[in-house]
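One letter stands for each residue in the lines below.
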Amino acid sequence: MNRHAALRLLVALLAGTIFGFGLALSGMMNPARIAGFLDVASGRWDPSLMFVLGGAVIVAVPGVLLQRKMAKPVLDARFHLPEKTGIDARLVIGSAIFGIGWGLAGFCPGPALSALTTGLAPVALFVCAMAAGMILQDRALQKVLP
Amino acid sequence: MTPYLASLAGGMLLGLSAALLLVVNGRIVGISGIVGRLLGGQQIAPNIAFVVGLLAGPMLYTTAFGQPPVVTIIASTPLILVSGLLVGVGARMGSGCTSGHGILGIARFSKRSLAATATFLTSGIVAATIMGLLR
Chain A
1 MNRHAALRLL
11 VALLAGTIFG
21 FGLALSGMMN
31 PARIAGFLDV
41 ASGRWDPSLM
51 FVLGGAVIVA
61 VPGVLLQRKM
71 AKPVLDARFH
81 LPEKTGIDAR
91 LVIGSAIFGI
101 GWGLAGFCPG
111 PALSALTTGL
121 APVALFVCAM
131 AAGMILQDRA
141 LQKVLP
Chain B
1 MTPYLASLAG
11 GMLLGLSAAL
21 LLVVNGRIVG
31 ISGIVGRLLG
41 GQQIAPNIAF
51 VVGLLAGPML
61 YTTAFGQPPV
71 VTIIASTPLI
81 LVSGLLVGVG
91 ARMGSGCTSG
101 HGILGIARFS
111 KRSLAATATF
121 LTSGIVAATI
131 MGLLR
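Residue numbers (this note's numbering), protein chains in the order written: chain A, 1 to 146; chain B, 1 to 135.
There's no promise every hint is true.
What the hints assert, rightly or not - Derived DSS-like pairs: lysine-lysine, alpha-carbon spacing no greater than 25 Å straight-line:
no.	chain 1	residue 1	chain 2	residue 2
1	B	K111	A	K69
2	A	K143	A	K69
3	A	K84	A	K72
4	B	K111	A	K84
5	A	K69	A	K84
6	A	K72	B	K111
Read the hints as simulated data drawn from the structure, not as lab findings.
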């Protein structure tokens, strides 16, 4: 493994740790908070999670602007960015399905993984079901649906 | 710390993580992409490193604040299973989730990510609101 590849591993670990700490601090790991944000008819709507998205985007935008001025990332030969630009049915249907799942139990992928550290059985169940769903999509549905 | 301040500070850390991985490694912080690639056997080492960090982060939080982050389960076991399946299928079909589309996609002014985020926020609100009415 060359030096850059080894450093990339370290940066991935660091980025993951910052992300996990941020999730814990932000309240995103708590399904009750997610429900309080997404359930708009409860009579006690909790808008605080808007601040999570706002804070994240405020800090990510300078990173994106910097990236656009760079020919290549610090530790790799090229950027690995999404290439699709059009809005297609898969994007919209997939996102709609994802949102329903998120709203039902209050977990999305990052917070669910981070919440494994609590040792709660339902979190582990959720992560297993999520992994099964990903495999189902990537190995079966992907080929069946247009 | 008030919930608003903690949410803002936590969100800023998510943005910092995304900026770091983008500028240094040239990659998008998208959790469903990272997990999906892991499950597909691609780029095992860096993706495992990131996931290890996702677990280390809350442990550091627990050490720093003397208590673990609050995680209150709101769904029954069958609902947890259904919701996990939907989140897994939907995130991979839609090429991303709350992180890749919601944070990085919006920061990159991506039309696809704006559409995805508007869609999953809408369906999430509908699902959570119906669940709230049934509870």
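Outcome of the hint check:
1. For the suggested pair K111/B and K69/A, the alpha carbons sit about 21 Å apart, so the restraint of at most 25 Å is met.
2. Restraint check for K143/A and K69/A: the C-alpha separation of about 38 Å exceeds 25 Å, so the hint is violated.
3. As the CA atoms of K84/A and K72/A are separated by approximately 20 Å, the hinted pair is consistent with the 25 Å bound.
4. Restraint check for K111/B and K84/A: the C-alpha separation of about 10 Å stays at or below 25 Å, so the hint holds.
5. Distance check on the hinted pair: K69/A and K84/A sit about 21 Å apart at the alpha-carbon level, within 25 Å; holds.
6. Our distance criterion of 25 Å between C-alpha atoms is met by K72/A and K111/B, whose separation comes to about 23 Å.
Consistency with the previously given hints fails for number 2 only.
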